[in-house]
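Trainee: Sequence:
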Amino acid sequence: LTKELIGSINKVSQALKISEGTEVTKLTTLKFTDDEPLALITSYVPYSICPRLLVRDLENESIYKFIEKESGMLITHASRTLESVPSDESESILLNIAIGSPLQCFESVIFLENGTPAEYSVAKYRSDLSRFKFELKRQL
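Numbered by my numbering, the letters in the sequence shown go through residues 11 to 150 in order.
Treat the hints loosely; a few may be bogus.
[Said to hold, decoys possible] Label-pair ranges, simulated between beta-carbon atoms:
#	residue 1	residue 2	range
1	L150	S111	40 to 46 Å
2	F142	T12	24 to 30 Å
3	S72	T32	37 to 43 Å
4	K21	K143	25 to 31 Å
5	N70	L150	17 to 23 Å
[As the list claims (entries may be wrong)] Here are the computed lysine-lysine pairs in the DSBU-like style, where the Cα-Cα straight-line distance is at most 35 Å:
#	residue 1	residue 2
6	K75	K147
7	K143	K27
8	K75	K41
9	K143	K21
10	K36	K147
11	K75	K27
12	K79	K27
13	K147	K79
14	K41	K79
15	K36	K75
16	K27	K147
17	K13	K75
18	K41	K147
19	K36	K13
20	K13	K41
21	K21	K36
22	K13	K27
Since the hints were made in silico from the structure, they are not lab data.
Positions of the beta carbon are idealized from the N, C-alpha and C atoms, including for glycine.
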């Protein structure tokens with residue numbers, strides 16, 4: 011949907027461990043399944059980590075592979091939370107659902123091998139079209 015350079019706001023700054031107002035690339039995408047809107051995803055990437063993201067077409071390329079290529083570092087881990095939230099008016103319009111419909115909201119931060127946060131994202135999935143499976147492994 012959109013790609014723009016903005017000054018980071020409070021929540022984004024905290025997640026990415028950067029100062030408020032630091033330039034970040036904001037990407038907003040709408041994912042579909044069987045011609046139905048499935049998820050609204052908003053990602054924030056520090057401009058200093060991946061400046062060419064603004065001009066890169068990611069239609070057929072993984073944002074994570076591009077971040078690794080541009081930063082010269084591997085993505086090693088992520089932190090993710092999941093909660094159910096009601097849709098607001100703009101989300102409802104984009105996702106073709108009633109206002110207040112439940113969405114599954116994933117907030118994620120991915121980290122580079124040196125511990126630097128490289129992306130903060132908020133992905134909101136329609137509950138009526140989504141199912142998630144989690145596998146947990148014990149590290150010995």
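Trainee: Look at each hint and say if it fits the structure.
Mentor: Hint by hint, here is what the structure shows:
Checking the proposed 40 to 46 Å range against L150 and S111 shows it holds: the Cβ atoms sit about 42 Å from each other. Checking the proposed 24 to 30 Å range against F142 and T12 shows it holds: the Cβ atoms sit about 26 Å from each other. In this structure the hint that S72 and T32 lie 37 to 43 Å apart at CB is violated, the actual value being about 24 Å. The given range of 25 to 31 Å is respected by K21 and K143, whose C-beta atoms sit roughly 28 Å from each other.
For N70 paired with L150, a C-beta distance near 39 Å fails the hint of 17 to 23 Å. Distance check on the hinted pair: K75 and K147 sit about 25 Å apart at the alpha-carbon level, within 35 Å; holds. Under the criterion of a C-alpha separation no larger than 35 Å, the hint pairing K143 with K27 is consistent with the structure, at around 30 Å. A C-alpha spacing of about 19 Å is found between K75 and K41, which places the hinted pair at or below 35 Å, so the restraint holds.
A C-alpha spacing of about 27 Å is found between K143 and K21, which places the hinted pair at or below 35 Å, so the restraint holds. Annotation: proposed proximity of K36 to K147 holds, straight-line Cα distance about 33 Å (limit 35 Å). Proposed proximity of K75 and K27 is supported: the alpha carbons are some 22 Å apart, at most 35 Å. A threshold of 35 Å between alpha carbons decides the hint, and for K79 with K27 the separation of about 21 Å falls inside it, so the pair holds.
For a cut-off of 35 Å, the pair hint linking K147 to K79 stands: about 29 Å separates their Cα positions. With a C-alpha separation of about 24 Å, the suggested pair K41 and K79 falls inside the 35 Å cut-off, and the hint holds. The hinted pair formed by K36 and K75 meets the criterion: a straight-line CA distance of about 17 Å does not exceed 35 Å. A distance of roughly 28 Å separates the Cα atoms of K27 and K147; the hinted pair therefore holds under the 35 Å criterion.
Taken as a hint, the K13 and K75 pair is honoured in the structure, with Cα atoms around 18 Å apart against an allowance of 35 Å. Pair hint K41 plus K147 holds up; C-alpha atoms about 29 Å apart against a cutoff of 35 Å. Of the supplied pair hints, the one linking K36 and K13 holds, its CA atoms being roughly 6 Å apart against a limit of 35 Å. Under the criterion of a C-alpha separation no larger than 35 Å, the hint pairing K13 with K41 is consistent with the structure, at around 15 Å.
Between the alpha carbons of K21 and K36 the distance comes to roughly 13 Å, so the proposed pair stays at or under 35 Å and holds. Restraint check: the Cα-Cα separation between K13 and K27 comes to about 21 Å, which is no more than 35 Å; the hinted pair holds.
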